[in-house]
Amino acid sequence: MIQIPNTPTPELLSSAALEAAASNGATVAQFRLAKHDMRGVSLRDGDVENIGSESNVALSVRVVHSGAWGFAASTELTIESAFNTALRAIQVAKISAQVAADEVILANEPVHGKQSWTLPIEIDAFEKTDSEIIEFLQNWNHKISGSSIVSHIESNIGMGRDQTFYSDLLGNEISQQRDRISAALTAIHVSDSGFEDMRTCAPPAGRGWEYLTGTGWDWESEIARIPEYLDEKVKSPSVTPGAWDLVIDPTNLWLTIHESIGHATELDRALGYEANYAGTSFATIDKLGNFKYGSPIMNVTGDRTSDHGLSTVGYDDEGVAAQKWDLIKDGILVGYQTDRSIASKIKMDRSNGCAFADSALHSPIQRMPNVSLQPGTEDLTTKDLISNVESGIYIVGDKSWSIDMQRFNFQFTGQRFHEIKNGEIVGQLKDVAYQSKTPDFWASMRQLGGASTYLLGGALNCGKGQPGQVAPVSHGCPSATFTKINVLNTRDESAK
Amino acid sequence: MSEISLPDAVEVALELLGKDGGVVIGGNSATNNLRWANSALTTNGDSIDQTLSISAFVSMSGGVATGMSSGQIRSRDDVEALVAASKASAVSAGPAVDAMDLVAGPTDKNFADAALTLDVSEISHVAGGLAEVFAHRDQEFFGYAEQSLDTTYVGTSSGTRMRYSERTSRFELCAKSHDRKRSAWSGQGGTSLTDVSIGNHLSDVTQKLQIQNTQIDTDAGRHRVTLSPSAVSDLLIYMLWSSAARDAAEGRSAFSNVKGGTRVGETLTKRNLNLATDPNLKGIETFDRVVNLGSSALGSAFDTGIEIGRSDIITDGVLTALGSSRHAAQEAKLPFTPLTDNISLVDAQGSGSLAELASRMGDGLLITCLWYIREVDPQNLLLTGLTRDGVYVVSGGEVIGATNNFRFNESPIDMLARVIDAGTTVPCLPREWADWFSRAQVAPLTIEGFNLSTKSDAI
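Just so you know, the protein sequences line up as chains A and B, in that order. Heads up: the first sequence begins at 1 in the numbering used here, then just goes up one per residue. Heads up: the second sequence begins at 1 in the numbering used here, then just goes up one per residue.
With the rest of the complex left out, here is chain A (with noise of 0.2 Å):
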């Protein structure tokens, strides 16, 4: 599948790597191959700020030697640079094991050999040609440019596809491609009185450019109406702080799940692996199985599987299979996200395959799957959760976001703000956080929209680790009903 010109093929670069670890004492060995090809065009006011395209490629070697882990990559794809990165893994293994406590215990896996995965799309993006993205992106512009409300207009689309060899010695060959596309319209008004923006919500999904032209999104509708969401945004009042019922729309709780959930339940932030960057969690491993996390009705899976997911694989960077599991089963914590490694300290049987690198460069660590939050079983609409609501708010959109590092206090805002009043929408109010505690605000969930309101969000730029690794990862969920929950006002917390 991964096919570079004028260098060796994936199996002529693996045993050169594999052969020259296992004759160098290594006990586990790992290889990698992996490219990553980044296409991407911004508009502004409806000229090309910046338009290119990028290709990665390196191989890479990971061993256990003496016990401990070592680690080497090289953009130089030859036969003698595949032996050499594997000697050099080996040296950086030694000089680790002289301060590595504890042996390198791997969780069992079973050997899948020769495989092949390929995420399914309908319409390959990359074929499209450069004018025909711009010309896209140039007719959303069009849209709205003519609005009286619009005085700038940012737009972009990109698109990425990556494409790997892993092999070990246990003699799986695996091979798999996936592809992902995103795109956004925002729309500024400048007065003088300050300036508002109102961005599309729609998140980027494992898909092919099917997905900019109705297949999963409905792009027309939602440019259309961004001039008159941002006026009503414009004249809308300030919010007054205080506890509010909150209905949040899926293109706004995937984050909240992101921060508070998917972080919170990596198995090796709760044993302390990212404490010096990251953070650690509050979900320790004391607490698996008997820590209330929220609400009866909260049910949360990790899914490697999930249909047009940005972390969905055919198996992980240590040749794990991808499966679906229970994190969070009628509100307590069941599970956690591992690697292979990480899964060993606590005695699992078998990792739950989310190892991951974003690049051959990179070492895998455990990086998050697509972790989402399961629908209602009472197929309620967001319109029906509303008319629930006597006095509340219905947020809409991601925007800023911050949680701390045991993922306890958070704080989001948003893009639009929706004030309900006796179950109706009445319309939008401005300057408007919510900030609550992990455990507190999963309890307050008191109601969940049914899988007619069920989106898969997600984000392209997840960072975790040490050197920074940057990960794609989807979360679905229904829209959702939260009681009692602290908003903030922004113009009031930066008032001096």
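Think of the hints as simulated: they come from the structure by calculation, not from any bench. The C-beta atom is built at its ideal place from N, Cα and C for all residues, glycine as well. One should not assume that every hint holds.
Partial list, computed: chain A residues near chain B (C-beta under 10 Å) [said to hold, decoys possible]: (1) N6; (2) M38; (3) N56; (4) S60; (5) E76; (6) I188; (7) G194; (8) D197; (9) K399; (10) I403; (11) P467; (12) N486.
The calculated DSS-like cross-link candidates involving lysine-lysine, where the alpha carbons are at most 30 Å apart (straight line), are [stated by the list, open to error]: (13) K430(A) to K455(B); (14) K181(B) to K455(B); (15) K329(A) to K484(A); (16) K114(A) to K324(A); (17) K287(A) to K329(A); (18) K484(A) to K287(A); (19) K143(A) to K383(A); (20) K143(A) to K233(A); (21) K19(B) to K128(A); (22) K181(B) to K287(A); (23) K484(A) to K455(B); (24) K347(A) to K292(A); (25) K383(A) to K399(A); (26) K143(A) to K235(A); (27) K235(A) to K399(A); (28) K399(A) to K484(A); (29) K233(A) to K259(B); (30) K399(A) to K455(B); (31) K324(A) to K292(A); (32) K399(A) to K259(B); (33) K259(B) to K430(A); (34) K287(A) to K455(B); (35) K484(A) to K292(A); (36) K329(A) to K181(B); (37) K292(A) to K399(A); (38) K333(B) to K270(B); (39) K347(A) to K329(A); (40) K292(A) to K383(A).
Fit chain B to the known structure of chain A by using the hints.
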């Protein structure tokens, strides 16, 4: 080995770009790193990345267009493919708004020299020192060390040939009590890990953990605080990234004047604060020429090769400049102000160490680290984030214990108006932004009414 060296690839790409030309950047990045947690080494690595990046210029009716491509090169064929891709993108793009004539930059005699190499043994200094750290069984240690060596080749169709190398090092040590109820951090940026005294960092975190044995609960609210240099740098780096002249002139920035134009000339603080970027600042030197592949609010490919000097953003408390490309500066009717990858904050009235400054505060909170800083409202540059790894209670000029963490909501611009005291400028490692920005020399500041909006239970 690749069939073509990076400097040769730059020359080939420029030749293939033809008369319209462009900018070509060859980057060789070598990195060693060690990471540890729970008093044991965890992941580690040794990587070498070679990338060629091209910004092709194409003349057309109405101006000059640009298109970019980037990737690894193993042969002349790869260079040809990148040039073709960048040209094709440029042809589609239409005239660039920021198009200007390239300057004739320097022609370095050592341009064709090979990239510098980084030996994996250089990080052994840290690996060796960690054994002593981990021997302290009364604490648990976490951290990260990284040594990188970047060699960059820049060529432009106006004759510029620049080769420069930058060493960057970073050391972070976090210590926690076994019950995980106390946590402290110590960090150091620089150019070589061999400059790191691991023993000094160990002493620092050990002392901080001891102070944390006394815990004092503090409510959220507006507090008088002393911010460490690291905390100040994290806030001001974000402010620097948001200081684009283009956005301010368009009325869509916290540096916009709502009556039109920008806030340049406005007094932001009564203190004699001086905020600058300067590639020649001793200890945090960085490359002194513009190198850009694309266009943004703060830079342009067309400026590549222009010399960068000191850019004074705030002078004696007055906003004196905003970051810009040449084109953005013209549009905003402001002086051209290229920014570089370092930051300096000096208070001409400031004196003393962080500890002395905290003592002069009398009563208040000493904040050592900030984390997860994000923009809440661009209109006033309201930022939110958390305190982390040590907030200390100062009473009567004495540190009497540690307190809980907080979420803050503050604008660094507004905050400058509430600076009531400052210490001496020192080198520091920005805790939040060190992945992207590690060259900082900043004064600790005491702020009146810092908005610690809500309490955080995190440790």
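> Keeping to a limit of 30 Å between CA atoms, is the pair of K324(A) and K292(A) held or broken?
Replying inline: Roughly 21 Å between the alpha carbons, so the hint for K324(A) and K292(A) holds.
>> Restraint: G194(A) near chain B, CB-CB cut 10 Å. Satisfied or not?
In response: 5 Å, holds
>> Next item in the hint list is I403(A). Is there a CB on chain B closer than 10 Å to its CB?
In response: 6 Å, holds
> Taking the least C-beta to C-beta distance, is I188(A) closer than 10 Å to chain B?
Replying inline: Since chain B brings a Cβ to about 6 Å from I188(A), closer than 10 Å, the hint holds.
> Are K430(A) and K455(B) close enough, with their CA atoms no more than 30 Å apart?
Replying inline: 24 Å, holds
>> Holds or violated: K292(A) and K383(A), Cα atoms, limit 30 Å.
In response: Holds: K292(A) and K383(A) sit about 29 Å apart, inside 30 Å.
> Quick one, are K143(A) and K383(A) close enough, alpha carbons at most 30 Å?
Replying inline: 28 Å, holds
> Is K484(A) within 30 Å of K455(B), Cα to Cα?
Replying inline: Between K484(A) and K455(B) the Cα gap is close to 18 Å, so the pair holds against 30 Å.
> Taking 10 Å as the limit, does the beta-carbon of K399(A) come near enough to a beta-carbon in chain B?
Replying inline: Where the cut-off is 10 Å and the nearest Cβ of chain B is about 9 Å from K399(A), the hint holds.
>> Next pair to validate is K181(B) with K455(B); report whether the Cα-Cα distance is within 30 Å.
In response: Within the cut-off at roughly 16 Å; holds.
>> For the restraint on N56(A), tell me whether the closest CB of chain B is nearer than 10 Å.
In response: With a minimum Cβ separation of about 6 Å from chain B (threshold 10 Å), the hint on N56(A) holds.
> Between K329(A) and K181(B), is the straight-line Cα distance small enough, at 30 Å or below?
Replying inline: 29 Å, holds
Every hint, counting from the list given before, is met by this structure.
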